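Participant: Each chain, letter by letter, is given below.
Protein chains: 2
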Amino acid sequence: MNPVETIIKKRNNNPLSPTEIEYFVKSYINNSIPEYQMSAMLMAIFLNGMQPDEVYKLTEIYINSGDTVKFPAEWKTVDKHSTGGVGDKITLTLAPIVAACGAKIPMISGRGLGHTGGTLDKLESINGFRTDYSKQDFSKFIEKSGIAIISQSKELVPADKRIYALRDVSGTVESLPLITASIMSKKIAEGAQNLVIDLKVGSGAFIKKLDTAKELAELLITVGEKFGQKIAVVFSCMNSPLGEYIGNALEIKETVNYLKGKHLPDIDILTKELAIHMLLLSGKARDKKEAIEKIENAISSGEALNKFRELIIQQGGDAGFIENTDLLPQAKHSRQIFAKCSGWIHEIDSQAIGYALVEVSAGRRQLDSVLNYSSGARLLRKVGDRLQEGDLLGEIYFNDESNIDEICDKIVNSYSIKDSFCEPDSIIIESINKWISL
Amino acid sequence: MNPVETIIKKRNNNPLSPTEIEYFVKSYINNSIPEYQMSAMLMAIFLNGMQPDEVYKLTEIYINSGDTVKFPAEWKTVDKHSTGGVGDKITLTLAPIVAACGAKIPMISGRGLGHTGGTLDKLESINGFRTDYSKQDFSKFIEKSGIAIISQSKELVPADKRIYALRDVSGTVESLPLITASIMSKKIAEGAQNLVIDLKVGSGAFIKKLDTAKELAELLITVGEKFGQKIAVVFSCMNSPLGEYIGNALEIKETVNYLKGKHLPDIDILTKELAIHMLLLSGKARDKKEAIEKIENAISSGEALNKFRELIIQQGGDAGFIENTDLLPQAKHSRQIFAKCSGWIHEIDSQAIGYALVEVSAGRRQLDSVLNYSSGARLLRKVGDRLQEGDLLGEIYFNDESNIDEICDKIVNSYSIKDSFCEPDSIIIESINKWISL
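Chains as they are written, first to last, in our numbering: chain G, -17 to 420; chain L, -17 to 420.
Hint data in this document are derived by calculation from the structure and do not stem from the laboratory.
Mixed in with the good hints there might be a few duds.
Identical chains share a label here; the pair holds if one copy fits it or two copies do between them.
Said to hold, decoys possible - Heads up, simulated DMTMM-like pairs for lysine to aspartate or glutamate below, C-alpha to C-alpha not over 25 Å straight-line:
hint	residue 1	residue 2
1	Lys(-9)	Asp331
2	Lys117	Asp407
3	Lys(-9)	Glu329
4	Lys(-9)	Asp193
Since we're looking at a predicted model, the values are computed, not measured.
Looking at chain G on its own, in the form it has when it is part of the complex (with noise of 0.2 Å):
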């Protein structure tokens, strides 16, 4: 097979045959087709688009590349997958509660890079908490506690990873179904017999209209449907940083305050709103009354708190911060910022904030950025809230004062304050389970 011909066919809008799929993606593993004949298929590809046959086929090739983890059917393990928001820290919140209520959930997550943290960073703030398990550690994870959260392996996925490094350097990250491919085949090989997705829009998620969501949506149930995977997906609103803490030992502090009961309404509902559709898809729960019964109840027995400390301590963390969040890495300075002008926040540039939180080095610039786990900030204010001017907008945490006031200034001009009202957003915009009648 030719791979110029194979271009010039993704080039000229025509479907790629499973055949030529596999030659494609397979030459560029073992490196006999370069990377520039790569990075131009990508951008075919993101330009021209791909039938859902086509990324199930990517798919599948991206699985196949590596190792994959098999549960036994009647676990019925389910899985959250998050498209990346600043202060996402969804995964913490929720994983416990489902986990609580009896559900298997095997979670194989991310490092942050560029605006957005990653769940691994933030529980590496805990002391002593590990995430490099071996696949059979994983599974004994899951079966015991029915929660482990580890890291990816080189083993998992390697196709995903190379191209997706190639993606990031050639403009073709945001491709629908190049997406799909990446977060399919990962949640796929990791064992997941069911994942609801929570697919952020707006203008601080990657994807900015409900339309291309939608269209998103789509194509991730689709696949998941030919690989036995049932999906369910929440659209959130992401205009505003979610809950008050941006950080990773600070978003940790969040979780605790959380599952002890200090709910705030953004993280509540969207956490809430998640673990019913994984107690629903894992048969936890029959009917949507019954999961809400369970989650309120695991939330106020203590019991989502217990399984959490079970979760620290099983992957080696220093569980102590649970009873005094003190014990986190804390910053050495803080500063407050407040508002410049009077009026409604008709908008937030959380992309904005989460850059400027990686210059105080709460996220990493590269890959072998060094953290600075108790640096970030708590900003207190959303979208639709009224301000006067010099009101409180929060705290910036930082251990390293240069630039701080820049720093600051950068994250007081992402609060676009009009003199017009402003509705407050509602954190879910729709949800999407053909499996449950909710």
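The hints should help you fit chain L onto chain G, whose structure is shown.
Facilitator: Just chain L, lined up with the frame of chain G:
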């Protein structure tokens, strides 16, 4: 500047600024942008296009990447460029006529690759003929004889050379903006103040439709104009191979026959149409009538043949073949081919013929393939011809008998003969010359 942001800008169908184009191309040439980013950019340009201003800037950067040749303005130099066809020896029939009429024709030409032949290869089938002359020699030749056909030095538009090589392997060749920059940069760098483009349209050309050809013509004219170059475009039909002979020495023989007065209709009409525009643009004729008179006279008086001889001798060639074409390289074997059925020729797959003749070494499979100058074919029939089963189609000339049955079969099968009438093509579809009232 961040290369990924620049790729994303073009990917999102936004025009690039002159600074961005310059940065991107220069960084690629100095190896600070890798091939995989350039190929993603090329695919984005292929699929989203470029505005004329962007093409102009790209052309300018190509030109400035290397050496240029300049001639006095009063010379009104004129060149011809063909977008490529099978059996296209028109440069050789045309240039001596136009030079004999007093025009100055600086030609920097190419070698053949794939199914089309290159003018330099044809000339190099002449014993002793050289094409590797310096810029200084080139200028001296033009001053003295009015004509020179040399090869592109490494110093001429190196940016196009490198990017063309990448386009070839990334499926991004047939892009109108990229084709325009590639043609125009070379033609401006070589010092052509006027240019006539033979824009091939049809099944044997890379442009199949007149609409696309007109779009390319408009872009070529607009960009040329910005550099002060005057351009005429002749849209010619490329449904049948041009003339009768295909192959390096065979086309030299056909050129000599033509200049001696043996006028096959397609070669004759196309040569004269292009010559008219070259004489008008270079100011050697005031109107079409005068141009035709001068052309006819140049041929019938033998001045065109003399100019051809002057060109051969000037560049080191042994001109004896002009009196006796048997002195050109002769193939060891020949085989006649015949029509398989009766009817009208509806289509000739010139590309398939070109590739079949690559197998007798008349063309190059790869850049380093060795040519056999004597091999090729004489093909007598054109689209619209009526045939009886068993009629002579032509003759194949070859030196190595292996595979010759298969090669002959391929050529015979490239004629689509049907039972219904098919109108012959007109070689000239249309001409544009906005500089002269015809």
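Participant: Up to 25 Å between alpha-carbons, please classify Lys(-9) paired with Asp193: within, between, both or neither.
Facilitator: between (28 Å within a copy, 22 Å between copies)
Participant: Using 25 Å as the alpha carbon limit, work out where Lys(-9) and Asp331 are close: within a copy, between copies, both or neither.
Facilitator: between (40 Å within a copy, 20 Å between copies)
Participant: Within a copy, between copies, both or neither: which one fits Lys(-9) and Glu329 at a CA-CA cutoff of 25 Å?
Facilitator: Answer is between: at 24 Å across copies they meet the 25 Å cutoff, but 42 Å inside does not.
Participant: Is it within a copy, between copies, both, or neither that the alpha carbon of Lys117 lies no farther than 25 Å from that of Asp407?
Facilitator: Cα proximity of Lys117 and Asp407: none, with 41 Å in one copy and 69 Å across.
Hint compliance for this structure: hint 2 is the single one not met.
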